Amino acid sequence: MDLTVHIGHLKLKNPVMTASGTFGYGEEYSEFVDLNQLGAIVVKGISLKPMEGNPSPRICETPCGMLNAIGLQNVGLKRFIKEKLPYLRRFDTKVIVNILGNTMQEYKRLSEVLDGAGVDGIELNVSCPNVKKGGIIFGTDKKILARLIGKVRQSVKKAVLITKLSPNVSNIREFSKVAEDAGSDALSLINTIPAMAIDVETRRPKLANIIGGLSGPAIKPIAIRMVWEASKAVKIPVVGIGGIMNAMDAIEFMLAGATAVEIGTANFVNPRVTIAIIEGIEEYVRRKGLHNLKELTGGLNAT
Amino acid sequence: MDLTVHIGHLKLKNPVMTASGTFGYGEEYSEFVDLNQLGAIVVKGISLKPMEGNPSPRICETPCGMLNAIGLQNVGLKRFIKEKLPYLRRFDTKVIVNILGNTMQEYKRLSEVLDGAGVDGIELNVSCPNVKKGGIIFGTDKKILARLIGKVRQSVKKAVLITKLSPNVSNIREFSKVAEDAGSDALSLINTIPAMAIDVETRRPKLANIIGGLSGPAIKPIAIRMVWEASKAVKIPVVGIGGIMNAMDAIEFMLAGATAVEIGTANFVNPRVTIAIIEGIEEYVRRKGLHNLKELTGGLNAT
Amino acid sequence: MSRYFKAEVISNLTLNNNSNLLTIAPLQTIIDPEPGQFYMIDVGNTYDPLLKRPFSLFRKIPEGIQFLYRVIGRGTMLMKELKSREIINVLGPFGNKYPEPESDKIPLLIAGGIGIASLFSLAEALSKKAYILYGVRNKDELLMLDGLKGLTDKLIISTDDGSIGEKGMISDVLNEFLIHHSSLITHYLLYACGPKPMLEAVSRIAREKGVKGYMSVEENMACGVGACLGCTIKTIDGYKRVCKEGPVFLIEEIIW
Amino acid sequence: MSRYFKAEVISNLTLNNNSNLLTIAPLQTIIDPEPGQFYMIDVGNTYDPLLKRPFSLFRKIPEGIQFLYRVIGRGTMLMKELKSREIINVLGPFGNKYPEPESDKIPLLIAGGIGIASLFSLAEALSKKAYILYGVRNKDELLMLDGLKGLTDKLIISTDDGSIGEKGMISDVLNEFLIHHSSLITHYLLYACGPKPMLEAVSRIAREKGVKGYMSVEENMACGVGACLGCTIKTIDGYKRVCKEGPVFLIEEIIW
Ligand SMILES: Cc1cc2nc3c(=O)[nH]c(=O)nc-3n(C[C@H](O)[C@H](O)[C@H](O)COP(=O)(O)OP(=O)(O)OC[C@H]3O[C@@H](n4cnc5c(N)ncnc54)[C@H](O)[C@@H]3O)c2cc1C
Ligand SMILES: Cc1cc2nc3c(=O)[nH]c(=O)nc-3n(C[C@H](O)[C@H](O)[C@H](O)COP(=O)(O)OP(=O)(O)OC[C@H]3O[C@@H](n4cnc5c(N)ncnc54)[C@H](O)[C@@H]3O)c2cc1C
Ligand SMILES: Cc1cc2nc3c(=O)[nH]c(=O)nc-3n(C[C@H](O)[C@H](O)[C@H](O)COP(=O)(O)O)c2cc1C
Ligand SMILES: Cc1cc2nc3c(=O)[nH]c(=O)nc-3n(C[C@H](O)[C@H](O)[C@H](O)COP(=O)(O)O)c2cc1C
Ligand code: FES
Ligand code: FES
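Protein chains in written order, with the numbering used here: chain X, 1 to 303; chain R, 1 to 303; chain E, 1 to 256; chain U, 1 to 256.
Where hints are given, some of them may not hold.
[Stated by the list, open to error] 27 Å max Cα-Cα, derived DSSO-like pairs, lysine-lysine:
id, chain 1, residue 1, chain 2, residue 2
1, E, K154, E, K212
2, X, K177, R, K78
3, X, K143, R, K143
4, U, K244, X, K82
5, U, K212, U, K105
6, R, K82, E, K244
7, X, K142, R, K142
8, U, K105, X, K82
9, E, K6, U, K80
10, R, K49, E, K234
11, R, K78, E, K6
Since the hints were derived computationally from the structure, they do not count as laboratory data. No experiment lies behind these values; they were computed from the predicted model shown.
The whole structure should be built from the sequences, with the hints applied where relevant.
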């Protein structure tokens with residue numbers, strides 16, 4: 001059955017991708033998942049220089065969700081291209097690299113090099129709540145966001161350019177429009193929502209970083225709403241992210257306006273969930289007698 | 001044991017209040033809860049004229065939470081004062097009225113009349129996601145918010161003026177400061193977060209209003225973070241709201257910076273939860289050998 | 001006598017591939033329920049699912065209270081897992097009841113699917129007087145057949161596939177019935193419970209034929225006590241709360 | 001042989017007021033676990049709690065795998081409710097293992113509280129050779145005493161309240177021990193598992209006395225497979241993942 005979708009000029013064999021930071025560099029889950037079956041793999045956020053990340057505890061559980069403050073620990077651009085990319089290249093799936101910089105220059109440099117290295121997509125992380133500089137500040141100021149995307153756009157020739165929006169704004173429509181006008185090929189949302197938990201016995205924050213990002217089923221209704229608003233505001237494809245645990249959740253995002261989806265926290269609960277979701281979407285499409293996934297995207301009957 | 005707290009000049013016998021819209025006008029739960037034991041009752045949002053609210057379905061469940069789009073159905077100011085207030089007055093508890101207007105005039109008028117009617121507190125609802133006009137637009141624009149509070153401030157003489165902030169902003173600190181500077185005696189947060197759910201079988205939104213407000217345990221980590229940020233930004237007391245299901249949750253909010261708390265969705269799960277929370281706080285205070293609740297508020301050890 | 005009580009699960013029988021019969025014994029004296037009233041039941045003890053689920057009184061028996069329920073979603077799936085001796089929290093009885101018919105009336109009970117749950121105890125109370133029109137998808141979904149036969153000798157069954165009783169929807173059966181018994185039309189009093197489409201059809205027929213009656217309706221519920229305003233339906237006097245002013249309404253007051 | 005498998009609960013015994021012994025039988029052939037490795041276990045089947053919980057291999061027995069766990073929070077409370085014949089999802093075995101001691105070494109196993117869980121199977125593998133120093137709060141918290149006596153005749157127990165064995169913390173007992181046996185100090189090899197404060201104390205003692213060894217550490221975990229980077233601890237070569245490079249580390253590489 002035809003489950004192909006297009007993110008800009010990038011053709012995916014199916015709409016199921018892994019969410020950045022939840023699937024390592026692919027290798028960690030290759031024992032459980034045939035990576036060839038995935039629509040795309042979005043790897044952990046990469047920065048110009050290696051980052052060591054935040055002290056522990058970095059994660060804790062919350063009702064139907066979890067907090068994380070990894071602090072973007074990553075091997076850095078050089079080692080990623082040398083050690084991680086070749087491995088991913090061995091599989092018949094698209095590779096999208098999530099990037100984060102402290103300055104526009106860094107974002108530009110990262111995208112230049114990765115585009116040159118032939119990655120299929122670049123996901124601009126302008127919404128990471130867990131690093132002091134950069135990240136979210138780019139994602140919550142329209143002018144800065146427009147300038148950032150404009151700059152990066154020039155250096156991205158082959159790869160598809162996806163802007164991952166911050167959920168931490170009052171009006172996601174405006175930011176979506178800004179990202180589209182500035183030249184993004186697609187949008188992805190949502191990233192984690194800044195949140196916090198306290199151990200009442202010790203009076204200490206449950207994360208060393210105090211604040212972390214909330215992910216998991218708890219945020220799904222917020223993500224669905226934002227994907228719906230964003231997809232109505234722009235013409236470029238939207239990638240839906242947030243609390244997707246099964247095929248029905250993925251389809252819910254597509255009905256809300258998503259062309260594809262990213263699976264994050266669910267990988268931790270079931271390492272084979274991505275495959276289960278692909279199969280579930282196939283089953284649904286067959287059961288409903290659909291011909292392709294275009295019939296799903298934005299198919300919410302809101303009248 | 002001394003559980004008293006002060007919200008501005010208003011003294012509460014304990015920090016546990018009911019959240020607007022989740023406890024009706026008090027009467028509905030009087031069968032399960034001795035209203036005299038509550039720190040305060042915050043009643044359903046009142047508007048100048050009666051409102052009939054949104055069509056059904058108005059609510060649905062989500063992971064560890066629920067969506068509602070009641071559309072502020074309420075009896076209106078006149079009938080509230082005539083029919084509902086006298087009943088509440090029979091109890092030895094504080095009565096705080098949550099108000100919502102479509103214009104600044106309406107807010108002003110509402111607060112004038114209610115202040116005159118001798119309610120103990122007025123909670124400005126500038127964050128209702130479920131009504132077309134008014135509500136949230138006042139809560140997401142700093143200038144408008146400042147002018148609104150300034151206006152209402154003049155007409156509130158006796159009652160304590162609480163501004164209920166919208167969680168739907170990038171920087172809750174700024175809005176908290178604005179609300180303080182404009183003359184609020186206290187802040188309360190968070191209101192529900194705009195969200196949405198879709199029935200994948202029917203392709204229809206689960207709420208007739210399409211978008212509703214997310215409440216319940218799912219939003220607690222977001223609320224804790226915002227209460228922490230808000231309470232560090234202002235000197236006035238902060239009332240913590242969002243997913244409080246038990247005493248430990250309430251204490252978590254107080255450690256984050258809340259002086260008092262409001263219990264919402266939890267009332268639906270356990271109609272006696274407010275009493276259980278009061279008892280649980282008492283037990284905790286005794287177990288930890290504290291003398292009063294000031295030792296809890298803002299007591300997070302973040303170093 | 002509180003309407004918030006703990007109860008012990010006595011049994012939770014699977015009746016067919018999608019229906020169960022739950023029997024609980026309250027651990028304290030409770031308020032006697034009336035036909036048409038409902039309870040809010042805990043389906044699990046975590047926050048997922050979060051809210052209690054509303055279920056009509058099926059039967060009040062000496063050992064306790066019975067609920068007849070269909071497994072349609074996450075909550076009822078967990079409910080299906082309830083084991084005997086487990087303790088659950090229950091709220092109720094809530095809502096109004098099916099009003100008793102005046103002595104000159106002939107009650108016509110119209111049940112669609114699991115709607116039989118709330119009409120069964122009404123049939124018991126009416127002792128033989130009532131006609132019962134009961135429609136299901138197919139033979140296998142038919143519940144409590146023997147019990148119903150014991151409650152009336154005027155039981156009419158229909159199935160969508162004709163696997164038992166008349167073929168077709170129960171609303172059509174009602175229509176036929178009223179046409180054939182048009183002479184007595186002013187004497188009939190309808191009591192309907194079932195899925196929305198069926199209730200709509202029954203309303204239409206009732207209007208056309210000028211037959212009076214009541215119906216028990218459903219809406220998603222959070223509190224069950226009238227506080228959240230989440231369960232409203234549109235009536236000729238504006239929105240009303242199913243949990244408080246309902247769940248039983250005059251057929252003519254509901255706006256579909 | 002996959003590291004993601006379904007298993008049937010054989011038994012879930014309560015050992016004392018806060019400790020349980022869970023025995024599961026994998027429904028497929030699994031990879032043989034080594035002492036020190038751990039599994040990620042489903043504690044419920046809703047989204048609350050959401051994540052699997054990590055538990056060390058306690059014992060591999062013919063019927064399956066055993067876990068010794070302490071009930072401290074929401075997840076383990078639900079885990080306590082697991083009934084025999086229930087089917088659960090399990091991930092593992094993960095992580096490195098306790099390295100075997102060179103032939104000239106005398107293993108000193110130091111367990112604090114539930115830390116005995118991961119050291120027990122190591123003691124089994126070391127067959128009699130090992131000293132076992134085992135500290136608990138009080139007599140009632142002592143687990144698997146007979147089993148331990150069968151594994152070594154060099155078992156030293158301590159309790160905070162002196163209700164059994166020596167009074168005091170097990171780290172102090174270790175200190176005393178090393179002082180009395182200072183002649184053999186270069187021959188001892190430490191294997192420690194227990195709460196953070198105890199591990200810190202053991203590290204300090206090991207440094208002072210110049211004794212080598214290993215410790216199994218804990219951090220909150222989400223994935224267990226090295227993907228989320230949530231479980232890192234600080235080492236002399238920067239952050240390392242407890243689930244991948246650990247849970248067993250050289251004592252001297254950990255920075256507290
Ligand atoms: C007053 C009242 C009495 C009821 N009596 C009975 C009864 O005796 N037996 C019985 O089987 N069912 C009865 N119901 C319906 C029952 O409450 C729902 O089927 C149940 O809540 C579904 O829960 P769930 O978690 O399994 O489904 P969910 O996962 O919550 O939802 C699954 C599907 O069920 C729908 N649904 C959810 N709640 C309701 C609801 N309250 N009413 C109708 N559809 C709903 C949802 O919209 C969704 O389409 C009654 C409902 C009301 C309001
Ligand atoms: C590699 C490894 C092996 C383990 N082996 C065992 C074992 O054999 N037996 C056993 O009883 N426990 C073991 N633990 C600890 C066990 O995983 C936690 O006690 C459990 O996850 C707590 O879950 P909970 O939901 O009950 O507690 P939560 O409600 O999640 O938290 C309650 C308290 O436990 C703390 N906690 C949560 N997760 C962990 C964790 N992973 N490690 C330490 N503290 C935690 C929380 O910070 C909180 O203070 C192991 C942990 C790791 C990392
Ligand atoms: C442990 C962890 C690490 C993450 N790291 C990144 C990251 O490096 N870059 C990024 O853009 N998003 C990161 N995210 C966010 C996810 O990609 C995703 O947007 C978010 O978790 C919501 O999806 P989910 O609910 O399915 O997990 C991370 C999330 C988690 C849980
Ligand atoms: C059914 C329902 C109705 C509500 N109505 C109002 C309202 O009228 N005015 C208001 O300010 N907040 C209203 N709220 C928001 C609550 O007061 C509270 O801020 C929110 O639910 C978060 O708290 P909780 O998670 O404890 O429910 C409503 C919430 C619910 C669930
Ligand atoms: S369910 Fe809350 S008002 Fe009816
Ligand atoms: S638990 Fe995810 S990396 Fe260790």
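Comparing the hints with the structure gives:
| no. | hint | result |
| --- | --- | --- |
| 1 | K154/E x K212/E | holds (20 Å) |
| 2 | K177/X x K78/R | violated (44 Å) |
| 3 | K143/X x K143/R | holds (20 Å) |
| 4 | K244/U x K82/X | holds (22 Å) |
| 5 | K212/U x K105/U | holds (10 Å) |
| 6 | K82/R x K244/E | holds (21 Å) |
| 7 | K142/X x K142/R | holds (17 Å) |
| 8 | K105/U x K82/X | violated (41 Å) |
| 9 | K6/E x K80/U | holds (22 Å) |
| 10 | K49/R x K234/E | holds (19 Å) |
| 11 | K78/R x K6/E | violated (40 Å) |
The earlier numbered hints that this structure contradicts are 2, 8 and 11.
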